[in-house]
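Novice: Protein chains in written order, with our numbering: chain G, 644 to 1093; chain S, 241 to 462.
Just so you know, the hints here were simulated from the structure itself, not pulled from any lab data. Remember, it's a predicted structure, so these values are computed and weren't measured experimentally. Beta carbons: idealized from backbone N, C-alpha and C, even for Gly. Treat the hints loosely; a few may be bogus.
Each pair of labels, with its calculated beta carbon distance range [to be verified]:
#1 S:297 with G:953: 24 to 34 Å
#2 G:983 with S:426: 28 to 38 Å
#3 G:953 with S:428: 28 to 38 Å
Listed below, chain by chain, are the residues.
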Amino acid sequence: MKFFRSLLAKYMLIIFLAISIVQLSYFAIAAFVFGIGKTDFSSEVLRESEIEEKWHAEAKSIKIITEETITQRFEDWQKQYPKASMFWVSEDGTLLTKVNVEEQIPSKWTPAYTTKFIKERYGGDPFTVIAFLGDDESNGFIVFEMPKELFKPPLVNVYEKYGAIILLGVISIILFFIVVSFLFFRGIRKRLLHLQEAMEIRDVDGLPIETKVKKKDEIGQLEQSFNRMVCELRESKNREQQEEQLRRELIANLSHDLRTPLTKIRAQSFSLSKEELSEEGQQAIKAMEISIVNIDALIENLMSYTLLMASKYKFEQKEINVIRFVREQMTTWYPVFEKEGFEIDIEVHPFEKNEWQVDPIWLGRIFDNLFQNVLRHANSGKYIGVETESTEHYDAFIIKDHGNGMKNESNAKGAGIGLSIVDIMVKGMDLDWDIESSESGTKIKIKHYK
Amino acid sequence: MFRILYIEDEKEIGQWVTKDLTERGYEVTWLESGEEVDQHIASKDIAILDVMLPGLDGFSIGKRIKRENKEIPILMLSARTAVEDKIEGLNFADDYLTKPFHPDELVARVEVLLRRYQKNDDVLDLQHLKIFTKEMRIMNTQTDEEVQLTGKQFYLFQYFVRHLNQILTKEQLYEGVWGESYIEGDKTLMVHIRYLREKIEIDPAKPTIIETIRGIGYRVKL
């Protein structure tokens, strides 16, 4: 049953119909021809051999050979074949009787002329039959002539008469077949295009949308397979999201579980710091404080890095005013640098276009990491500069310090992971960055190409 | 004396924070879970909540408090630092501080929130100014005269007082006081700051109350 729903079956049907129509049309034409032949053409359906035979028989059968009887016979023949012409040439070459002869024939036939006549007429036009009169040659011969065109086969006559109609019929049959084929293939094409379009459309979650299956043929099956695929894709995406969720949860919990004891350490160190302590004790507490802050930052960076490497860090780009964003970012960092006794130099001027397509959390994280590095590794310089730069090709934020430079990094090694995060995030937002570092300081540029 | 409701299941941290805040002059009610929140919350000025708690988590407790007591500021204090958690927390809470925190930072943030919610009926001493925050009355202690501020100057100064010690960008100030988005290069704010300084600074040419933070904005530091 399935076969009859298939496109193949439909196509076969069209081909079969086309062939049948051709066949039928032949039948129709044949029937038409014979139908017509029986009515209109009966007197003119002629056969050369038949006439030839009859003429010979006629010639033989004439016993009383006089001009009257011959003329009589000729006239009889003429009734039957109105377009025929006949004449009698006697044994000595005299033209005796002629009926309906329009051509020029001599009244005296020489042997030469006779030979020429026979030669000319043999197989030629008009159709000519020459027969000796009576039983032998002594009575001369009688000639029967008839235009060749009267002997044409009936189909030729039909074509001549009804050619236009038949041609039109054939053309319309061909056209009909073309139209049916065209419609058939257009239908297929339309549905394929529709399917292709459906494959291009994306839902809000970035997955293709299922398409409606209308027919159960091959394209319908294709659509069903496509729907199945979409379904599987959605399931796998859900699974992936669940895994992602689990992973995030795990990392968040791990981070939480690490920070809780860290907070307890801080609680203890803070309580200790309230006690009467020796100079050395106070130094130890201070060192502990710094370590707590560093571990905190490291945990944060490690978590972010893990998520980033697995592409599980939340990323939502939008257009923000970066000048404003950086200024607000600075409001939280300014007091920190101020407290450390830094010289703070902020020269943030609007660009030609202040709106960048970025994720504000990522951009904030980039600045946080860079400032954190300045604070921890370039503290000796006691200088932080934030400025903007506009060139022909890019707009950029520059963060400068007067530390010892990256190569002579301070004993803390935490900068690596922080900068790796910066690198991933900068590239993830289609920004660029470069570092110029010397012994007299470091200059980091976050560039946005125009 | 401000009354703080503090929920924390970790005993060590809870004891430490309670002790420190009590020493700083706050009255602290420390609960180890959210079960008895309803009995205490009505009488409190501020709530400090941990997120990971046995039973109801800090987010749920916070949302419930906010629903029933809009006037109580909430500070989330959590070791959960993921952006998603912060975003969820800040949906209803007023601040989100991550562990390990420094007690000074906690107190600073608590103060900011109390001021923002005008729980603080204290008199602020800001250099030569005495500010009665409830009715926003400003006395000049040098001249013993009240400083009269016109509409926008008043709101501007009030905005500074509510955000003491915070650096405010021009955009934040303009949008906070005028309620319209700031257009780069607009001089309105600068003009009003100048008028305000003329009224409150001893030497408006060398302002000490409203600090200019070059490249960023302004700050009033207590």
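Novice: Can you let me know if the beta-carbon spacing of residue 953 of chain G and residue 428 of chain S is within 28 to 38 Å?
Specialist: The hinted range 28 to 38 Å is violated for residue 953 of chain G and residue 428 of chain S, with Cβ atoms some 49 Å apart.
Novice: Is the hinted range of 24 to 34 Å satisfied by the C-beta distance from residue 297 of chain S to residue 953 of chain G?
Specialist: holds (26 Å)
Novice: In this structure, is the beta-carbon distance linking residue 983 of chain G and residue 426 of chain S contained in 28 to 38 Å?
Specialist: Because 33 Å falls inside the window, the suggested range holds.
Hint check: a violation occurs at hint 3 only; the rest are consistent with the structure.
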